[in-house]
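A.B. asks: Sequence:
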Amino acid sequence: MRKNRTKKTNPLVTVLLPTYNRAESLSTAIDSILAQSYSQFELIIIRDGGQPIASVMRNYDDSRICLIDRDENRGKAASLNEALNRAKGKYICYLDDDDRWYPNHISTLTQALEEHPEYGLAYSDLYKVHYRPLSGGRRQILAKNVEISRDFDRMLSFQFNHVLHVSLMHRRDLLDQAGPYNENLRVLIDWDLTRRLCFYTDFLHIPSVTGEYYAAVGESDRISVQQRKDTGKYLHNLLTIRSTRPPKPWPCVGDLSVVVLHDCCDEVLTKSLADLWTHGHYPCQVYVPLPPLELDKLKTIVPNIVKVPVSETATNEQKMDAVLASSEGDYLALVPAGLPVAQDEVSFLERSLYPLIQNNETNVAYEIIETDPNRWGAVFRRKDLIRIRQEYPGCSIRESALAADMTTRKPDFKDYPFQFDNFLTAAGQIQRQGRWSDAADVYQMMAERHDNVLWMRTLRANALSQAGHLHDAETIIRDLNQTHPTAARLMIEARLYRKKENWLDAIRLYRQAKAILDKDISPIQGDKTTSDDYCSECETATEQEMIEWTN
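Each step along the sequence shown adds one to the number in this note's numbering, with nothing skipped, and position 347 is 993.
I should point out that these hints are in silico values taken from the structure, not numbers from a laboratory.
There may be inaccurate statements among the hints.
Straight-line alpha carbon distances no greater than 25 Å define the calculated DSS-like cross-link-like pairs of lysine-lysine that follow [stated by the list, open to error]:
1) 774 / 1160
2) 943 / 917
3) 894 / 774
4) 734 / 774
5) 736 / 894
6) 1056 / 917
7) 1056 / 953
8) 1160 / 1146
9) 945 / 879
10) 774 / 736
11) 894 / 943
12) 917 / 894
Predicted, not measured: the structure shown is a model, and the values here were computed from it.
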C-alpha cells in the first residue's frame, strides 16, 4: 500500500487521467504522477467504462487522488469534461493511461507559467517511445526519440496539431472562453481544444524533455487510431475542427470574412464554397451576396456560410459594400467564384492572408494567386477596403485600389505560410544529395529567421559533423548537451568523438544515451531494435564493440 499523508488543500494544479481498458499500464502512469517533485496537485482519474480498475486503485492511499469510476463508456471528451467540472486547480494538465511523466514535468510547466503570466499555456518536449505490443499488455520497446520539438506557430496550429496534449499545461480559466471538449468528436479531440485555446493566448514552448508517450508499431489499441481508419468520418472530423469558431472576442486572432462573388446559385458557386472549406484552415466566415430567390436555392453542408440578400440588379461592387456593412472580419478576401484550386493545395487563401498578418505594411492588398485581371480577387485589411470604397464608390474594387494608390501584388513564395516546414523539407533533400555543408547553412538560416533554435542547432551540428567540420560541430553539440541532453544529441556528439578517435568520451556518451533508452516502464525488456539510426546504433553497440573500435 502506497500512502501519502499530504494535507489536502486547494491545489494549484489539477491532473486529469482518463482510462479505458488499460489496467495493466495505468499504475505506471499513476506512479509517474505521484513521483512528481511538485506535490501541490490533485489527480482526477476517470474510468470510462471498460475493465474494472479496483485492483489497481487499492494500491494507492493518497488524499490527492479522486476517482470517477463508472461502467458506462461515454468517450474521452465526455470523461474529461466531467473531470473538469470537478477541477479545483489554477492550472490543468493531462496524462493518458499508457504514457508517463518524468518527475520534473509539473514543476517545469508550473514554474514557466508562474514566471510568464502573459502566457496561458506552456508545453514541453516528450520522448516518443516506439514499441511492439505483446500479449498480456506487455510492450517491447524499440526506440525513443524526440519527434516533435518546435516553437509555437499559430498558423500551423490551425492546420496541424504540433503541441502534444500530454505535454501541456494551461490555465483553467481559459476554458471559460474556449469552451469544454467537443463531445460530438470521436477523434482529434485534443487538437480541437488546443486549437481553440490559441485564439485566446500565446503558447510558451519549454524545450526540455519531461516525459514519454507511447506509439505502437503496427496495430494499436488506441481508440483514436482505430477510429482514424474510417477515412470519411476522420476527414469530416478534421474539417469540423478546422472550421470551428469559438466565442469572441479573440484577443490573439484576427477574423477573416470571405466574400464569394457570383451571379447565381449554381454548381460553380457550390464547388467554390466546398473548395474554400477543404483547401484552407484559417478561421473565417464565408459571405454569399445574392438575390433572395437565389439564396433560397443554396444548399450546402459547408459551415460558416452567411447569406447576404441584395437586389437582382446589384453589381459586384454593391454586393461587396453590402458585405462590408454586415461582416465583422479584420481581413476581407474577395473571391470570384470558379477560381481553380489545386487538389493538393492546403492554403488557398492563406498564401495571400499570411503576409498581410505578418507585415506592418499599410495600404497594401495581396492578390489571390489564381486570379487574373478578368477574375480578380485579393485579401485586404478591413479598414483599407472601407476607405477605398468610401473614396471611390463608383469604381470597381480593383479600380478603387489603384485610384487610392494601394499596392496590390501577388505574394512571393517566400511570403507563404509554413516557410519553416518548406525549408526543413529542402534541407532534407540537400542532405540526401550529400551536400551536408549546404544543409548546415540552411539550418543556421532557419534558426535566425524562424526560431526553433535548439532543434536547428542540433540539425546543424549533425550536418557539420557529416561534412567533416568537426570543430564547429563539437562546439555546438557539446554546448547543447550541457543544458539540453537527449539521446539524439548525445549520439551526435558520440559519433563525432569516434571520428576524432576520442574513444573514452565516445563510450561515455554512448552509455549516457543508452541509459536514456533503457528507461522502460514495460513489464518486460524486449530485444531493442529500431530503424532509427541513432537508437539502433546505441542499442546494438556494446561496450566491448566500442573498445574494439580503438584497435
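A.B. asks: All the hints need checking, so say for each whether the structure fits it.
C.D. replies: Okay, the hints, checked on the actual structure:
1. At most 25 Å may separate the alpha-carbon atoms for a hinted pair to count; residue 774 and residue 1160 meet this at roughly 15 Å.
2. With a C-alpha separation of about 14 Å, the suggested pairing of residue 943 with residue 917 holds against the 25 Å cut-off.
3. Distance restraint check for residue 894 and residue 774: the Cα-Cα separation of roughly 36 Å exceeds the 25 Å cut-off, and the hinted pair is therefore not satisfied.
4. A hinted pair counts as satisfied when its Cα atoms are at most 25 Å apart, and residue 734 with residue 774 does not qualify at roughly 30 Å.
5. With a C-alpha separation of about 23 Å, the suggested pairing of residue 736 with residue 894 holds against the 25 Å cut-off.
6. For the suggested pair residue 1056 and residue 917, the alpha carbons sit about 24 Å apart, so the restraint of at most 25 Å is met.
7. Between residue 1056 and residue 953, the direct Cα distance comes to roughly 29 Å. Violation of the 25 Å bound is thereby established for this hinted pair.
8. For the hint linking residue 1160 to residue 1146, the alpha-carbon distance of about 21 Å falls within 25 Å, and the restraint holds.
9. Distance hint between residue 945 and residue 879 is fulfilled; the C-alpha atoms sit about 21 Å from each other, no more than 25 Å.
10. Restraint check: the Cα-Cα separation between residue 774 and residue 736 comes to about 28 Å, which exceeds 25 Å; the hinted pair is violated.
11. Between residue 894 and residue 943 the CA atoms are separated by roughly 30 Å; this puts the pair beyond 25 Å, and the hint is violated.
12. A C-alpha spacing of about 29 Å is found between residue 917 and residue 894, which places the hinted pair above 25 Å, so the restraint is violated.
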